[in-house]
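Start from the sequences and build out the full structure, keeping to the hints where you can.
2 protein chains.
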Amino acid sequence: MEQDQTPSEKPGHPPAQAILHELRTAENSAAHLLPKLQSMKESNPHLTLLDVGAGSGTISVSFAKLIPDGHVTGIDLNPNILPRARAVAEMAGVKNIEFLQGTVYNLPFADETFDVTFCHQVLIHIGTPWDALREMLRVTKRGGIVAAREGDYETECVWPELPKLRCFHQLMAGLMSAGGGTPTAGRELLSWALKAGAERRQIELSYSTSSYHTTSERKVCSQGLCDQLRVGSLREKALKFGLGTENDFEEMAKAWEEWAKRDDACLAMLHGEILVQK
Amino acid sequence: MEQDQTPSEKPGHPPAQAILHELRTAENSAAHLLPKLQSMKESNPHLTLLDVGAGSGTISVSFAKLIPDGHVTGIDLNPNILPRARAVAEMAGVKNIEFLQGTVYNLPFADETFDVTFCHQVLIHIGTPWDALREMLRVTKRGGIVAAREGDYETECVWPELPKLRCFHQLMAGLMSAGGGTPTAGRELLSWALKAGAERRQIELSYSTSSYHTTSERKVCSQGLCDQLRVGSLREKALKFGLGTENDFEEMAKAWEEWAKRDDACLAMLHGEILVQK
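In order, the protein sequence lines correspond to chains A and B.
Heads up: the first sequence runs through residues 1 to 278, numbered per the UniProt record's numbering.
Heads up: the second sequence runs through residues 1 to 278, numbered per the UniProt record's numbering.
No wet-lab data here; the hints were simulated from the structure.
The model shown is predicted, which means the values in this text are computed figures rather than measured ones.
One or more hints might be untrue.
Identical copies carry no separate label here, and so any pair may be met within one copy or between two of them.
Calculated lysine-lysine pairs in the BS3-like style (CA-CA distance at most 25 Å, straight line) [as the list claims (entries may be wrong)]: (1) Lys-261 / Lys-195; (2) Lys-219 / Lys-195; (3) Lys-164 / Lys-195.
Okay, here's the thing in structure tokens:
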């Protein structure tokens, strides 16, 4: 059992809950921002970008590669993930980056510090996401951009509809709600930006999808979800909130293993995306 | 009241149920096919394309523009929509196109007739979509492509969550099921292609979204849905299946009007997409 391996103990290896997170890059998770980032870079190569809730830092690192003469700051509430993020940057040979501990509700930066402030799958997990967006707007320069992409967990599609996969969906939605989050973040993102003080004309809204369906994607996805169910922080939280038993989680893990073996299997979800022009 | 205006009587004007359908183009509804279509056109400018369930023909017409030296055939089960489709082609000045009546279960074409066979939001409405895909594969040449895009109605996201909009969602899902369709078509599309006889290695699966959220999109969307609720065939079918009363439909229409006025309003859905290489 590896339940006691916290990320800070093994910075060269992803923790169980991060296997899927570490597939994320700016290209697959911030595609709506990239054309704007490119045009901003052309007029100012020394862009500064803040990635809020950077986690293992794979998105931050790919941003840093896209603005080699700029600088990326990744910030995360969890101090234990920072060594892993720094290792990810080091393995990629990326130097124009730093990772700090901090909360999105009180970012440790002066007003108008960054050209671009970004977050991905952060607002979905927190109680007052409009306060987070207001804080992101505060630390962004005039003429800069606040960008966010948040899943809409209620749109998650799984095929085939194995009953235990349905239970897993309910478990994850329950965990999100128990932690104060909003499973319907994707559809609410625009309303949160307005509540944070942005005007509608400043906001560009779009949608995109994430999915797993090729043999290798199904394998990685199943492995990541099984690890979350068998070891790691998700399991601990679910037990703490009384959202299931160890036996339930094992049955869900077996269902994911069965799912991965099927040619007709797929998993997809819709995400909401905003660009706010400050 | 315009309930008795059938499309065949007014080919220059869209019927109530077609206002939203007529926003569809190859660019917004077949984007997953376009790169492949472009490369096929480069090696053979005289491509033939079949658009199954062409409806008002706006997608067919935009395909015809993309392959000006090729030819597009649009086919639809409903003979009353054909005059409208022909009018749409004529208004666009498109000549390399024809529209015919026919069913996807028994396409009136010899084996291996078309380079590309396409359908959009057709399989979601029918009882045995795998039979339709088998028939589409039959009329497609070896080396050709069968392409489909089908919504997953269970992923529809609406914000704000006005109660009557929730009722509308249930009405639409009920109508789909009552007609023998599958509201979860998007997630099942891959499994249907396998059931039709395609092998997994022949199938490319992807996902995309459709959405309405700008002021003008909300206006058009609300108008289209209100027309469906107040006049036209959707209302007639819903009454016939006992899925609501005239008063219910009026309340839903008023909710869509309220929705359209709100800055924070949005409507989005996930679609499944396949390309099958024959």
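Evaluated hints:
Only between protomers do Lys-261 and Lys-195 lie at most 25 Å apart by alpha-carbon distance; the minimum there is 17 Å, versus 44 Å within a single protomer. In this assembly of identical chains, the alpha carbons of Lys-219 and Lys-195 lie at most 25 Å apart only when taken from different copies (23 Å versus 40 Å within one copy). For the identical chains of this complex, Lys-164 and Lys-195 are inter-copy neighbours only, at 24 Å across copies versus 38 Å inside a copy, given an alpha-carbon limit of 25 Å.
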